[in-house]
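2 protein chains.
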Amino acid sequence: MGNDPTFPGTGGRIEDLVARALAGERRSIGRLATLVENGGRAAERVLTLLYPKSGHAHVIGITGPPGAGKSTLTNALIGAYRASGDRVAVVAIDPSSERTGGATLGDRIRMTDRYADDGVWVRSMANRGQPGGVAAATGDMVALFDALGYDPILVESVGAGQGEIAIRGLVQTNLVVQAPGAGDHIQALKAGLLETADAHVVNKDDLPGAGRLARDLLSSLDLAWPPGSGETGHVAAVPAVIRVSAQTGSGIDDLMRFLRTRNVVVDNDAGMAVRRARARADITARVTAGYLAGLDGILSQIDDRLVDEVASRRIAPGEAARQVLATDQTRLDNIDT
Amino acid sequence: MGNDPTFPGTGGRIEDLVARALAGERRSIGRLATLVENGGRAAERVLTLLYPKSGHAHVIGITGPPGAGKSTLTNALIGAYRASGDRVAVVAIDPSSERTGGATLGDRIRMTDRYADDGVWVRSMANRGQPGGVAAATGDMVALFDALGYDPILVESVGAGQGEIAIRGLVQTNLVVQAPGAGDHIQALKAGLLETADAHVVNKDDLPGAGRLARDLLSSLDLAWPPGSGETGHVAAVPAVIRVSAQTGSGIDDLMRFLRTRNVVVDNDAGMAVRRARARADITARVTAGYLAGLDGILSQIDDRLVDEVASRRIAPGEAARQVLATDQTRLDNIDT
Chain A
28 MGNDPTFPGT
38 GGRIEDLVAR
48 ALAGERRSIG
58 RLATLVENGG
68 RAAERVLTLL
78 YPKSGHAHVI
88 GITGPPGAGK
98 STLTNALIGA
108 YRASGDRVAV
118 VAIDPSSERT
128 GGATLGDRIR
138 MTDRYADDGV
148 WVRSMANRGQ
158 PGGVAAATGD
168 MVALFDALGY
178 DPILVESVGA
188 GQGEIAIRGL
198 VQTNLVVQAP
208 GAGDHIQALK
218 AGLLETADAH
228 VVNKDDLPGA
238 GRLARDLLSS
248 LDLAWPPGSG
258 ETGHVAAVPA
268 VIRVSAQTGS
278 GIDDLMRFLR
288 TRNVVVDNDA
298 GMAVRRARAR
308 ADITARVTAG
318 YLAGLDGILS
328 QIDDRLVDEV
338 ASRRIAPGEA
348 ARQVLATDQT
358 RLDNIDT
Chain B
28 MGNDPTFPGT
38 GGRIEDLVAR
48 ALAGERRSIG
58 RLATLVENGG
68 RAAERVLTLL
78 YPKSGHAHVI
88 GITGPPGAGK
98 STLTNALIGA
108 YRASGDRVAV
118 VAIDPSSERT
128 GGATLGDRIR
138 MTDRYADDGV
148 WVRSMANRGQ
158 PGGVAAATGD
168 MVALFDALGY
178 DPILVESVGA
188 GQGEIAIRGL
198 VQTNLVVQAP
208 GAGDHIQALK
218 AGLLETADAH
228 VVNKDDLPGA
238 GRLARDLLSS
248 LDLAWPPGSG
258 ETGHVAAVPA
268 VIRVSAQTGS
278 GIDDLMRFLR
288 TRNVVVDNDA
298 GMAVRRARAR
308 ADITARVTAG
318 YLAGLDGILS
328 QIDDRLVDEV
338 ASRRIAPGEA
348 ARQVLATDQT
358 RLDNIDT
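Residue numbers (my numbering), protein chains in the order written: chain A, 28 to 364; chain B, 28 to 364.
Wrong hints could be hidden among the right ones.
[To be verified] Here's a subset of chain B near chain A, in silico, CB distances under 10 Å, partners left out:
no.	residue
1	GLY66
2	THR75
3	GLY276
4	ILE279
Derived by calculation from the structure, the hints in this document are not laboratory data.
Every value quoted in this text rests on a predicted model; they were computed, and no experiment measured them.
The beta carbon of each residue, even a glycine, is placed where N, CA and C say it ideally should be.
Same shape as in the complex, but just chain A (with noise of 0.2 Å):
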């Protein structure tokens, strides 16, 4: 199949469908990210032909807690680009949309009018579990957008778990988006977020506790980050702090300053060694859940009679593990070699 240039369902050769998204038509983009998001063979091979001509946008993560304003402000960061021109795309990672099935991040930012913007494309991720997990799905997807020419690739996530942990390896800049009074900022930093911030925005400025909430911040990061830890030059730079309200549109133009600043590619050894590293750590993850897929089959291995054969002790229970490792791997000389 992976040699095979028509994939069903694809609705034409992926190729041709490649070709025409490139050209800009957005019935192709919309089908190549659905391939893309369905994972398999056909994704990627979407990827291969895709891959090598990305690497060129900013990828910026937005994570915050729930209630934080961060499709507000995802809102407001696409109309600031739309407005100097920039394609913008924006991977909405919703881990509850399969639970709640409430509407999704995606959603939200698609009720607004620029959905109607032939200069912007918003997908949503739902976590279906794929092989490499939501990491791995959604490094696909932001790179398929890079390819095509979007930059910058806004990537919004909910919560503040391990699905904001598992991006920052995806993104360039990344945004911890925190309001007064929504969720606990505190929680926030236990989570680790402090440290994967490249910014703290504060939202709804205009609310009272927006002051205190940077203060606290500011407090927070002057002592991870003691005085002169960033002069050696290989210790990251202290985040900062930006005050905005997303709804009014203050201080918008501040944080577009920072994320000017931050869209450097940078070309040389030390940003190659960053990039090996995330490569290195990309395949592992995929790697390690690709062969963690396998488990579930080879546990469908162990049948009643050789539970049976233990349980009544004729034979020993790692004997009978090893059977089921052999089993497994005869069925691996049977298929596809």
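Starting from the structure of chain A, add chain B where the hints point.
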């Protein structure tokens, strides 16, 4: 190698060692125990020969926090069983023995006069990270002594952690030992030991606080097993609370009476269902561990060349991952078939 009747370092054919061990030759028993402890194919061969002879011993777990007096209690039980002419094996699991280099549980037991007794075997198992973990390795050691006619087999382990819960599936009767002022019994309850105990042994009964500890345990058990909860026959019996002083010997008779009532081989349908469930869990743990043991080898196939290809975006990370997984399959195809 599996069909080769001789193994290096065994000092003879395994079949001969097994025959001499079954005849009671102490030196051969020690060699077999070492083979089982070291794991691998020689251990598997030993178990293949002896596992069918196992399944008769009363296997008794002795767990609890450090300082509760588990080793002293083990010695008291050895004495009581020896007084009845029973041959006793002790398998001591001491995850700390590697780290500290200090005396292991087994050493402390060996220091006593019991070691000279031909009716007593004591083996210490360090957790060496065998495939299947300490539970599988301990299960193999228990099966060895069981097959060689030792009954009971005392499985003693340190700490209030996962080890205890893992060995729960190995033992018919689990004693959770506590002492006033030693460790925090509330912590033991939190760690889930309340549910794993068939009897709570309150040791050091002569110390102040023993009565309070016993009362606290009884209250906790009342909450966990409300009146009437044992009447359906499907719910586990309420654990006993037995006060002893392993040092002076007081209460050991009560504990022995309790243990004698537990030493019943259940040979009905329910007993077979329990044995099947344990066999399935045991095989599953070993297959999982054996499968996971292959992951490191596969990850080592992620070489610098491949990382560079991805870092410079010549190939996509998903494709690189598939190449690595395919390499593994090729490797499997080339060995041992």
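Hints versus structure:
Among the interface hints, the one on B:GLY66 holds; its C-beta lies about 9 Å from the nearest C-beta in chain A, closer than the 10 Å criterion. Hint status for B:THR75: holds, given a least beta-carbon distance of 6 Å to chain A, under 10 Å. Given the 10 Å rule on beta carbons, the hint for B:GLY276 is violated: about 36 Å separates it from the nearest Cβ of chain A. For B:ILE279, the shortest C-beta to C-beta distance to chain A is roughly 32 Å, which exceeds 10 Å, and the interface hint is violated.
In this structure, the hints that do not hold are numbers 3, 4, in rising order.
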